[in-house]
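Participant: Starting from the known structure of chain Z, fit chain G onto it as the hints suggest.
For reference, the chains in residue letters:
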Amino acid sequence: MRIYQKLFLTSALGLIALVSIFIFNSFSHHYFTKRNAIELQFKSLEIAEKKLDYDILHDTFFLYVNHDILNQHIATIKEMIAQFSTIPVMVESHQQTLLALNEHSQAFEKKIQAIYDFQTNNTVVKNATAAIVTMQQRLFQLNALVLPEDRQALNRINTIAGTILLAKNAQDVHIINTLHHDIDVLETYQFHDPRVMELAKTTLFHFNVIVEAFPKFIAIMSQINDPVLVQTLEHAKTLFVQESEAQLKSITHFSYLLVLLYLISIGMITFFLFKSEKESRMDALTQLANRKAYEEKIAHTNTPFALILINIKKFKHYNDFYGIHAGDRLLQETAKRITRIALPTMNPTFYRLGADDFGILFELPQTHELKTIADTVLYEFSKEPIIIDGEIRTPTIAVVASASTPLLETADMVLKSKQQTNPTLYNEGFNLREIIKDNVTKVQELKNAFAENRIVPFYQPIVSGDTHRIEKYEVLARIILPDNHAYSIFPYLRIAKEANLYSQLTKTIIEQSFATLALSDKDFSINLSINDIVNHETVLMICDTLERYPRIGERVIFELLESEAIDDYNAIRDFITKVRTYGCRIAIDDFGSGYSNFAHILNLSIDIIKIDGSLIKNIDTDAKANTIVETIVGFARNTSIKTVAEFVHTKAIADHVKNLCIDEFQGFYFYEPSSTPINDDN
Amino acid sequence: MKFLLSMLFCFSLFLNANEPITPIPEAIPYDKSKAALGKKLFFDTILSKDKTLSCASCHSFSHGGADGRMVSIGVNNTQGSLNSPTVFNAVFNFSQFWNGRAKDLAEQALGPIHNPIEMGLSLEEALQRLQNDAQYQKEFASITKHATITQNDLAQIIAEFEKTLITPNAKFDRYLMGKETLSDEEMKGYMLFKTLGCVMCHNGINVGGNSYQKLGAIIPMERKDAIDDRYALTNRESDKNVFKVPTLRNIALTAPYFHDGQVATLQEAITKMLYHNLGVNLSDETVDALVAFLQTLTGDIPTTNQ
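Line by line, the protein sequences are chains Z and G.
Counting with our numbering, you get residues 406 to 1087 for the letters of the first sequence.
Counting with our numbering, you get residues 7 to 312 for the letters of the second sequence.
No wet-lab data here; the hints were simulated from the structure.
For each residue, glycine too, the CB sits at the ideal point set by N, CA and C.
Some hints here could point you the wrong way.
[As the list claims (entries may be wrong)] Label pairs and their in silico Cβ distance ranges: (1) G:49 <-> Z:547: 56 to 62 Å; (2) Z:445 <-> G:243: 40 to 46 Å; (3) Z:469 <-> G:130: 46 to 52 Å; (4) Z:469 <-> G:189: 54 to 60 Å; (5) Z:508 <-> G:123: 38 to 44 Å; (6) Z:563 <-> G:189: 55 to 61 Å; (7) Z:445 <-> G:241: 49 to 55 Å; (8) G:130 <-> Z:433: 53 to 59 Å; (9) Z:449 <-> G:243: 35 to 41 Å; (10) Z:585 <-> G:174: 50 to 56 Å; (11) G:174 <-> Z:588: 34 to 40 Å.
Chain Z with its partners taken away, still in its complex shape (with noise of 0.2 Å):
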């Protein structure tokens, strides 16, 4: 899956979390705001209901009463009670709390007719109470005119009246039924005074207004305050609480699934994480670890492991003629071939380490040894051939091994030194490291050198075989190290061509040389490599330089190496030809040290042949050389080639090759480099 794919699949599952935390979210919201809302609605409600119950208390009491007080109170009441059934959360969650409701209202409605009743009822029986006190008052006035047997009487209606508003204090229905007698008597009793007996008709009157209110007051007031209506609303709450608890659980089970989704997206993120680090270790076109899997392994381990490093010889060949796509292949098969290869008890683990480089890494048992490990590696590898697209490409590997840490590097570097032995094992006799370290240093030294112009060229006096005069210098390049001694060029050469400075150091000599020379009368010869020969910039240089000095080409001959002319004939060809046209001349150098090819010496018209020094440095007791060497010459004389012989560093060599009739001579016997022409003019 694309990382994009990744992207987008884990970007829209947090979107969705996102959206479901909002949507939760404001559900909740949505949900405790509305809850607390109406368990508040709930709440006022009993207030109401409370305040009402205790106004009425307050118009038992009190004597004056506004009636307006109770009808807002029950207005209020119900446009509470109906209010429920307007908001949408109740219509459409709480149907069961509704009916309770409706149950309510219900209850209500009969508590509102008990109240009409009420105060119809309250204001006689009020008035009627007050009628009789202030009946009393007037009868106490009248108090003269009241007979001794009416005295009985009258103090009837004392008893009475006394009783009525303990009654009514106590609010006991019964005290009132015990006054039935007394009225009665009362009744049908005539008072002697009219007056009185007016008065006492009249209390009378109120006496059985009381009686029969008063039982009425008793009945209406546990009407209104029948339990029923609390119990009502309580029920019509507990039901509230039931069906929120219901709602809460789909909260609930929401936040279930927001968990799960939060579980799944960490999961998700988690998978990938680890697939990529997956990834991140493998190489993809193989299958098999990569160096960074590698890397991981051997760090921070006490394992003894041991490396073998499997490299397929001239891969890069491999890739341009067969393709890209076969180079693919054959690394994959190469790979499977590799994984399939047996290595019991050492935990092998393989790895691709380079674009061709494959690694095994396993724990070396001590009871077996790198040796024939490699050997079983490289055996078991080739045994069967690989075949793709029908064709056998088994590769031809190169297998190395170490043990010594660090495996990579010491593996590598013995890979790198391009050993002939197959499989080659590391050991510290290699001194690897210290090669790179000394290349490291050599190339530096030779930086600097150039810096401060310490490469020089040094000149060898080449001797007449006749005379022993001086014919001309051999020009000889040297550096002149921090210790002030100078020292042959030879050993920086293979690192100057690696590190680019070759053509800087031909540069460097010819200049010098030409310009000393320029000012000698003698000829000089200047060693040319391949290199040399088949880079433009150096050619136009040589000709320059050539052009510079004018009719300074006739003194100068190249010396060529014999293995090199005959490597690359055209290109020495064309050289030969250009320099020919300043006069310049060609010699062959270390003729006779490897294959000698007449044939081609003699097209490409050479002037001069170096007997190869390894031929006459014992030349006086070695016959075979002396044979060679006379052969050398007989052609060379036949052909009009001039002669010169290398090496010659004692008076017997110098006599010997005298009588073989060599044309000049070279060496230690007669003159060292030095670093001026040496002159012998006196």
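Facilitator: Structure of chain G alone, referenced to chain Z:
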């Protein structure tokens, strides 16, 4: 509306705490366009069968919002059995009709229109007449935002006009608000009104109109059959001769008195009330003082041109 009244009530309580009677406000909010149309309808005889009667015929502004006759006369000279209650301040009553069978002004408004012994016009025909009148149709439509005039529309609009018929600034109200003092006689009358127990039924913002009470609570009063008392609604013995307490505001203007209009003068009304409902016979001075007090309850009468 109820909220409004409760607010007014609380406000009035504040002014004269503990007095069982509270003053009427100067004005109450109402819908002007509805009230204007309602006023037109109130005075329009189109709403009676023979087009001789309007609401104002029995709720006359020159008779304190009531009828000067004992009982009102309907179409075809039919006689009713009840004295017309005043339309003034009816908005403050806790229910409408003598027995409270309508819960508010709107519920009451259509009753007299189709009552055969009152305006005798069926509601369908009433609505038809209004619909056919281009002006009425236009005015109704502009208020209700629909083309057809409904019963509810008619009731609501008449009620909105009746809402405006309040009579503030009665002397007693101004006394309650601390803006005026009562004469000694008037003060004596008020004190008697309270101590005798009149205030137990006639209290609140409308000095009545807020509870059901028995006429003849102490000493029973004769009851005619087929009278529209509470018994006619509830069928309970105890509800015979129980009526909604009428308002005493503008009582000096709304003779004759009681549900059947049997009492011609205020003095007689007071005397009868004292006897039947309080069981006392009192002197003429007492009655006169009470009359003086009752006369302070007359407020600003709405004009017919507003």
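Participant: Decide, hint by hint, whether the structure agrees.
Facilitator: Against the structure, the hints come out as follows:
| no. | hint | verdict |
| --- | --- | --- |
| 1 | G:49 <-> Z:547: 56 to 62 Å | holds (59 Å) |
| 2 | Z:445 <-> G:243: 40 to 46 Å | holds (44 Å) |
| 3 | Z:469 <-> G:130: 46 to 52 Å | holds (49 Å) |
| 4 | Z:469 <-> G:189: 54 to 60 Å | violated (22 Å) |
| 5 | Z:508 <-> G:123: 38 to 44 Å | holds (41 Å) |
| 6 | Z:563 <-> G:189: 55 to 61 Å | violated (39 Å) |
| 7 | Z:445 <-> G:241: 49 to 55 Å | violated (41 Å) |
| 8 | G:130 <-> Z:433: 53 to 59 Å | holds (55 Å) |
| 9 | Z:449 <-> G:243: 35 to 41 Å | holds (39 Å) |
| 10 | Z:585 <-> G:174: 50 to 56 Å | holds (51 Å) |
| 11 | G:174 <-> Z:588: 34 to 40 Å | violated (49 Å) |
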